[in-house]
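Those protein sequences? They're chains C and X, same order as listed.
Everything in the first sequence is counted per the working numbering, starting at 625 for the first residue and increasing by one.
Everything in the second sequence is counted per the working numbering, starting at 600 for the first residue and increasing by one.
These are calculated hints, taken from the structure and not from any lab test.
On a predicted model such as this, the values are computed, not experimentally measured, just so you know.
In this text, a Cβ means the ideal position worked out from N, Cα and C, and glycines have one as well.
Check each hint, because a few of them may be wrong.
Some chain X residues judged to face chain C by a derived CB distance under 8 Å, without partners named [as the list claims (entries may be wrong)]:
#, residue
1, ALA608
2, ARG615
3, LEU617
4, LEU618
5, ARG622
6, ARG623
7, GLN796
8, ARG824
Covered stretches of chain C (in silico footprint by chain X; criterion: 3 or more residues with CB under 8 Å from a CB of chain X, positions within the stretch not fixed) [stated by the list, open to error]:
#, region
9, 702-715
10, 758-772
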Amino acid sequence: MSARGPALRRPRPSSPTPDLRPATPSLKTVTNPGSSAPALLARDLACMRGDELIFDGLCLAASAGEIWQIVGANGAGKTSLLKILAGLAPAAGGSLRWRGVEIGVGAEALRQDLCYLGHLPGITGYLSVAENLDYLARLSGATPVMRPAEALLAVGLAELGAAPARRLSAGQRQRLALARFVLLASPLWIMDEPLTALDQAGRELVEQMLTDHARRGGLAVVSTHHPLAVPAAHLRRFEFGASLAA
Amino acid sequence: MSGGTALTAARAVLGRDLLRAWRRRGEIVQPLVFFTITVYLFPLAIGPAHDTLRVLLPSIVWVAVLLSMTLTLPDVFAADHADGSLDHLALSPHPLALLVLMKAGAHWLTGAAPLLVLGGLLCAVFGLETYTLRALLLGLLLGSPVLSLIGTLASALTVGLRGGTLLLALLTLPMYIPVLIFGTSAARNAALGIPVQAEMYLLAGLSVLALTLTPWATAAALRARLG
Chain C
625 MSARGPALRR PRPSSPTPDL RPATPSLKTV TNPGSSAPAL LARDLACMRG DELIFDGLCL
685 AASAGEIWQI VGANGAGKTS LLKILAGLAP AAGGSLRWRG VEIGVGAEAL RQDLCYLGHL
745 PGITGYLSVA ENLDYLARLS GATPVMRPAE ALLAVGLAEL GAAPARRLSA GQRQRLALAR
805 FVLLASPLWI MDEPLTALDQ AGRELVEQML TDHARRGGLA VVSTHHPLAV PAAHLRRFEF
865 GASLAA
Chain X
600 MSGGTALTAA RAVLGRDLLR AWRRRGEIVQ PLVFFTITVY LFPLAIGPAH DTLRVLLPSI
660 VWVAVLLSMT LTLPDVFAAD HADGSLDHLA LSPHPLALLV LMKAGAHWLT GAAPLLVLGG
720 LLCAVFGLET YTLRALLLGL LLGSPVLSLI GTLASALTVG LRGGTLLLAL LTLPMYIPVL
780 IFGTSAARNA ALGIPVQAEM YLLAGLSVLA LTLTPWATAA ALRARLG
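All chains, full assembly: derive it from the sequences and hints.
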């Protein structure tokens, strides 16, 4: 079996509940209030790795205030999908739209609004914790909504600001990577396994961050095997490889 | 956009690479030591014939500069790829060509500029005439940006490849040949008392050409490698 079609899931067509409206005015809403048009729309995406077809015919319509949990077996293509959605990797077929604008690899329309966490946290060991956060924030071009020290406090790294990042444990690195999400007001979050290496408090932190983000009208696409304790009104699940199980 | 301009991001990339180089200055010194040893091997191999050495010295310095700069090229993107920060460079909304130009600039400042100073000192120690020394140093100053820019492009092309370090040297050294030819020919002509303007103009031209073309090629290569 070379090709396998993932289960096609679409968001429930119900109208957004009142708590989906943005609570913080500093964050742009993903779609206009009242509009039901999906912010991130993927049609018939296909992904190749070498000569092997990883997935094709993948459709996803994600709207403001939603947390999309991507689940699937190892090798199903979760990371590939997130890279395609982030505009890091090209899709072998299909189209991708962000706020109605067609996007491809390196499209600026998406990168303005995106905060991305890959399976590597992107932390430079030779820089301090605060320098790492400052560098990544300035690179992103997004407007910080708080001071960097406050973002470090929010992720529990307040006392490590001056420490060299190479001294951090894997979980602390992950927390530092998450500090960017708190610091910047990006409407679209794409996170690849954000719970990796985190302790129980860290997981609860991610869940709280995702909930706040969705309440403000942000959109998050998250790949994780762990159940996410976020309000069911915001949570959507996308399951890979349902045909495999059959 | 209040979050920052492309210039802010460019300064951040340059500042971060320079800071990182400063923090690991113990490793940055290694290519300088390699350079010095390479240059000092030739007097030992050629023997004490002072005139032969003086004739060959500019060429020896040029070759040693090429080899030493090849050694530092993996630093440009490989470490960033290994820790994941290269993804964030590619995901920045600012022009990637500008950001990789800053990476090449940081490579020149940390990997080439110290070699120029050291090369000048070594030549002075070996008693190179002032006019030849000035032609050699001006040639290195005009030619070394090409080496950093082409090296950055090759570094982007090989990022994430296993055995990339040797492949990087195999890719870059042939592309360094034009710079080497004009640079050494300038020093040779200077030793004979012939004007060297033509070579200097050509080296400057190559620099401008590399400066205008390679950032875009490097950005495209990075996007292709990350995909």
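Problem set entry | LEU618 (chain X) as an interface hint toward chain C, with CB separation required under 8 Å | holds (7 Å)
Problem set entry | Cut-off 8 Å, beta-carbon criterion: hint that ARG824 (chain X) touches chain C | violated (11 Å)
For this session: Would you settle whether the hint for ARG615 (chain X) is holds or violated, based on the nearest Cβ-Cβ distance to chain C being less than 8 Å?
Result: holds (5 Å)
Problem set entry | Status of the ALA608 (chain X) interface restraint (C-beta, 8 Å, chain C) | holds (5 Å)
Exercise. Would the hint on ARG622 (chain X) stand, with a C-beta cut-off of 8 Å toward chain C?
Worked result: Interface hint status for ARG622 (chain X): holds (4 Å vs cutoff 8 Å).
Problem set entry | Residues of the region 758-772 of chain C with Cβ under 8 Å from chain X, three needed, outcome | Contact hint for the region 758-772 of chain C vs chain X: holds, 10 residues under 8 Å.
Exercise. Can the region 702-715 of chain C be counted as covered by chain X under the rule of three residues or more with Cβ-Cβ separation shorter than 8 Å?
Worked result: holds (count 6)
For this session: Have a go at the GLN796 (chain X) hint: is there a Cβ in chain C nearer than 8 Å to its own Cβ?
Result: At about 42 Å, which exceeds the 8 Å cut-off, the nearest Cβ of chain C leaves the hint on GLN796 (chain X) violated.
For this session: Return the status of the interface hint for LEU617 (chain X): holds when the least beta-carbon distance to chain C is below 8 Å, violated otherwise.
Result: Not OK, violated: LEU617 (chain X) not within 8 Å of chain C, min 11 Å.
Exercise. Are ARG623 (chain X) and chain C close enough, Cβ to Cβ, to be under 8 Å, as the hint says?
Worked result: Given a least distance of 6 Å, the restraint on ARG623 (chain X) holds.
In terms of the numbered hints stated before, the structure departs from hints 3, 7, 8, listed from lowest to highest.
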